[in-house]
Amino acid sequence: MRLLLHACCGPCSLEPVRMLQEEDAQFSILYSNSNIHPQDEYRRRLDTLREHVTQPASIELIEDTYDSAEWERKAGVFGADREQRCRACYRLRFEKLAAIAREQGFDAIGSTLTISPYQYTAAILEELERAAQGQGLESAGADYSACYAQATRRSRELGMYRQNYCGCRFSIAEAEAQRRERAMQHARQKQLRQLALMQAASEGVVNQQSLL
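Numbers 1 to 212, taken from the working numbering, label the letters of the sequence shown in order.
Hints are computed from structural coordinates only; laboratory data are not their basis. One should not assume that every hint holds.
[Said to hold, decoys possible] Straight-line distance between alpha carbons at most 20 angstroms, and here's what the computed DMTMM-like set of lysine to aspartate or glutamate pairs gives:
1) Lys-96 with Asp-107
2) Lys-74 with Glu-60
3) Lys-74 with Asp-107
[Stated by the list, open to error] DEER-style ranges, computed between Cβ atoms:
4) Arg-153 with Ala-173: 35 to 41 angstroms
5) Asp-81 with Leu-158: 33 to 39 angstroms
6) Glu-60 with Met-184: 17 to 23 angstroms
7) Ala-183 with Glu-103: 46 to 52 angstroms
8) Gln-185 with Gln-135: 22 to 28 angstroms
9) Ala-183 with Ala-57: 49 to 55 angstroms
10) Glu-63 with Arg-18: 21 to 27 angstroms
11) Gln-150 with Leu-61: 43 to 49 angstroms
12) Arg-182 with Tyr-161: 34 to 40 angstroms
13) Pro-38 with Gln-133: 31 to 37 angstroms
14) Leu-61 with His-186: 17 to 23 angstroms
15) Arg-18 with Arg-193: 30 to 36 angstroms
Cβ atoms here follow ideal geometry from the backbone N, Cα and C, with glycine treated the same way.
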């Protein structure tokens, strides 16, 4: 069976590729990610994938056409509705994946997207199955989320570029909002700890040095 694996980026591809190689699977990688904004970011992720994943292992890498306008029409239209927008984004990319797979004689399709805990895994697998059926292919969708920690560790050890947002222009703002919320939570927790120490000190439980 020849598999065409959709890859979203280099770090997320490390573990799926390792597992497929251990299975002696015959596969190529497709980079079809018109959701990524801006285009310089799209190129940087592609270069990272090529440098750290496909070239070292001599894996065929196919690049789809970058078409942000199409993505805006078919997925961006959902705006801040993240769940619907992401599903539409999966659908667009997987339809392209399946069409290219059929044109080039592959038997099955899969994706590295499921490794991320920030994605909608069930929707990914559903859309993969839908796209595969539409082209008479098999869906080799797998849940790689258990490998996320290992992929994170390996990508850091390799010095890979690691993006801090999913890809589209909406996700930039969403990621920034999440970072602000985490920072606020951290600040609140720190303040509560300091207040608790001050209260304990006033009751003679700890000395003032512990407040430093």
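Taking the hints in turn, this is what the structure says about them:
1. Taking the CA atoms of Lys-96 and Asp-107, the gap is about 15 angstroms. The hint holds against a cut of 20 angstroms.
2. Simply put, Lys-74 and Glu-60 have alpha-carbon atoms about 28 angstroms apart, too far for the 20 angstroms limit, and the pair is violated.
3. The hinted pair formed by Lys-74 and Asp-107 fails the criterion: a straight-line CA distance of about 27 angstroms is larger than 20 angstroms.
4. Between Arg-153 and Ala-173, the C-beta spacing of about 29 angstroms breaks the proposed range 35 to 41 angstroms.
5. At about 36 angstroms, the CB distance of Asp-81 to Leu-158 agrees with the hint of 33 to 39 angstroms.
6. Between Glu-60 and Met-184 the beta carbon distance is about 46 angstroms. The supplied range of 17 to 23 angstroms is therefore violated.
7. Look at Ala-183 against Glu-103: about 47 angstroms separates their beta carbons, and that is inside 46 to 52 angstroms.
8. Our hint of 22 to 28 angstroms for Gln-185 and Gln-135 is violated, since their Cβ atoms are close to 45 angstroms apart.
9. At roughly 38 angstroms, the beta carbons of Ala-183 and Ala-57 sit outside the given window of 49 to 55 angstroms.
10. Distance hint for Glu-63 and Arg-18: a CB-CB separation of about 22 angstroms, consistent with the stated range 21 to 27 angstroms.
11. Range check, Gln-150 to Leu-61: about 22 angstroms between beta-carbon atoms, so the 43 to 49 angstroms window is missed.
12. For the pair Arg-182 and Tyr-161, the supplied restraint of 34 to 40 angstroms is violated, since their beta-carbon distance comes to about 22 angstroms.
13. Restraint check, Pro-38 to Gln-133: a C-beta distance of roughly 34 angstroms satisfies the suggested window 31 to 37 angstroms.
14. For Leu-61 and His-186, the hinted distance range of 17 to 23 angstroms is not satisfied, since their beta carbons lie about 39 angstroms from each other.
15. Taking the beta carbon of each, Arg-18 and Arg-193 are about 41 angstroms apart, not inside 30 to 36 angstroms as hinted.
Of the numbered hints given earlier, the model fails hints 2, 3, 4, 6, 8, 9, 11, 12, 14 and 15; all others are met.
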